[in-house]
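Engineer: Under our numbering, the final residue of the sequence shown carries the number 379; numbering is consecutive throughout.
Calculated from the structure, these hints are not laboratory results. A hint or two may mislead.
In silico DSBU-like cross-links for lysine-lysine, where the CA-CA straight-line distance does not exceed 35 Å [unchecked claim]:
hint	residue 1	residue 2
1	LYS172	LYS89
2	LYS89	LYS323
3	LYS68	LYS89
4	LYS68	LYS172
5	LYS331	LYS89
6	LYS172	LYS331
7	LYS325	LYS89
8	LYS172	LYS323
Remember, predicted model here, so these are calculated numbers, not experimental data.
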Amino acid sequence: MLESITLSNFKAARQLSVRLGSLTLLAGLNGSGKSTLLQSLAVLRQSMALSEAQPRLHLRGNLVQLGKARDVLNWNASRDQIEIALSTKSGPIDFTADATDRLADVLSLSGDLERLRDTNLGRPGAFQFIQADRIVPRTYYEQADASQRNERWLGTHGEFTVDFLSLNSSEKVSSMRTWSRESPGLDSESIAVIAPTDQLLDQVAGWLQHLSPGVSLVAHPVDLSDLAMLAFRYDTKGVAGRSDDSRPTNVGFGLTYCLPIVVACLASRPHSLILLENPEAHLHPRGQVALGTLLAKCAADNVQVVCETHSDHLLNGVRLAVKQKIVEPQKVRMHYFERALDTGECFVQSPEILASGELTNWPSGFFDQWQQSLDELLD
Numbered sequence: 001m002l003e004s005i006t007l008s009n010f011k012a013a014r015q016l017s018v019r020l021g022s023l024t025l026l027a028g029l030n031g032s033g034k035s036t037l038l039q040s041l042a043v044l045r046q047s048m049a050l051s052e053a054q055p056r057l058h059l060r061g062n063l064v065q066l067g068k069a070r071d072v073l074n075w076n077a078s079r080d081q082i083e084i085a086l087s088t089k090s091g092p093i094d095f096t097a098d099a100t101d102r103l104a105d106v107l108s109l110s111g112d113l114e115r116l117r118d119t120n121l122g123r124p125g126a127f128q129f130i131q132a133d134r135i136v137p138r139t140y141y142e143q144a145d146a147s148q149r150n151e152r153w154l155g156t157h158g159e160f161t162v163d164f165l166s167l168n169s170s171e172k173v174s175s176m177r178t179w180s181r182e183s184p185g186l187d188s189e190s191i192a193v194i195a196p197t198d199q200l201l202d203q204v205a206g207w208l209q210h211l212s213p214g215v216s217l218v219a220h221p222v223d224l225s226d227l228a229m230l231a232f233r234y235d236t237k238g239v240a241g242r243s244d245d246s247r248p249t250n251v252g253f254g255l256t257y258c259l260p261i262v263v264a265c266l267a268s269r270p271h272s273l274i275l276l277e278n279p280e281a282h283l284h285p286r287g288q289v290a291l292g293t294l295l296a297k298c299a300a301d302n303v304q305v306v307c308e309t310h311s312d313h314l315l316n317g318v319r320l321a322v323k324q325k326i327v328e329p330q331k332v333r334m335h336y337f338e339r340a341l342d343t344g345e346c347f348v349q350s351p352e353i354l355a356s357g358e359l360t361n362w363p364s365g366f367f368d369q370w371q372q373s374l375d376e377l378l379d
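Start from the sequences and build out the full structure, keeping to the hints where you can.
Structural biologist: See below:
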């Protein structure tokens with residue numbers, strides 16, 4: 001597991017050190033440095049895959065497109081070196097990239113990229129980076145190629161999620177990540193129809209009950225093509241029993257948009273690493289709270305999650321999971337990113353979570369907008 005990361009002269013981070021837990025939540029205003037941290041991890045993974053004889057920092061690849069050296073070197077940097085230092089259980093792994101050539105997109109790199117293979121950042125088949133711009137409702141989705149399937153890769157936009165489901169629908173989900181088999185508006189008979197087993201497809205449907213009660217899904221390859229099909233259906237409990245299959249374009253946008261997140265959380269093997277950008281997008285608040293619970297279950301089941309979020313509901317889902325003893329408080333790290341107006345540099349405040357779900361301190365701006373608005377309404 002990655003225990004901390006320190007960035008020097010990388011994008012908004014002139015000097016930034018962040019402790020990582022089994023579940024790490026990154027919050028803060030837009031442009032405050034949260035994505036910088038996620039991208040620093042992704043660019044190392046990308047560089048490990050693309051480097052051949054000599055280690056290189058590849059700024060452009062299938063995970064991130066960061067541009068050229070001038071785009072990633074901090075504007076207040078006093079030297080031409082970018083440093084990314086990781087702390088792991090097996091010791092530190094430090095990297096220094098030379099950004100002297102401002103127009104280069106492949107930078108010389110000192111550091112042992114091969115050591116990353118012994119961490120969850122580099123381990124084959126144990127990494128997902130689901131970005132904010134994810135798949136949207138369509139009838140058909142592209143299939144992954146053989147190497148991507150071997151890596152269990154869902155794609156940075158979740159574009160291979162439907163293909164993954166069509167191939168692995170019967171895969172067993174860890175008991176620590178299965179849904180609670182409770183959902184408002186559903187009785188035990190309906191639950192038994194919608195998600196009767198601990199197999200992946202049923203468990204995805206189970207977690208989706210927090211968004212749209214009664215929904216289940218179908219995923220299968222399309223004959224004589226390189227496509228996979230997705231459809232949703234509903235348990236109506238009426239004369240017809242279940243609805244006909246519906247195209248994703250005719251069902252709520254959020255169901256498709258969150259699908260890569262739910263599948264990544266349920267299907268990632270122990271000792272994997274998941275990087276997430278804004279997983280709460282397009283979800284009802286109840287679904288956002290449930291998602292916080294799911295992330296906490298992943299952390300408790302030895303999957304490391306680093307999540308950028310703007311949702312106080314997701315935060316509260318994590319806090320409730322701690323209070324309910326789903327995950328130990330020491331496994332959760334929270335960081336509030338800010339950017340100094342005078343220098344443009346980012347820094348963090350890091351409240352700790354207690355066993356009660358309470359925080360040791362509440363930084364100004366850290367999910368406090370509701371309270372501020374309420375105070376104004378009551379004034």
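Engineer: If you test the structure against every hint from before, which numbers come out violated?
Structural biologist: Of the numbered hints, just 4 does not hold.
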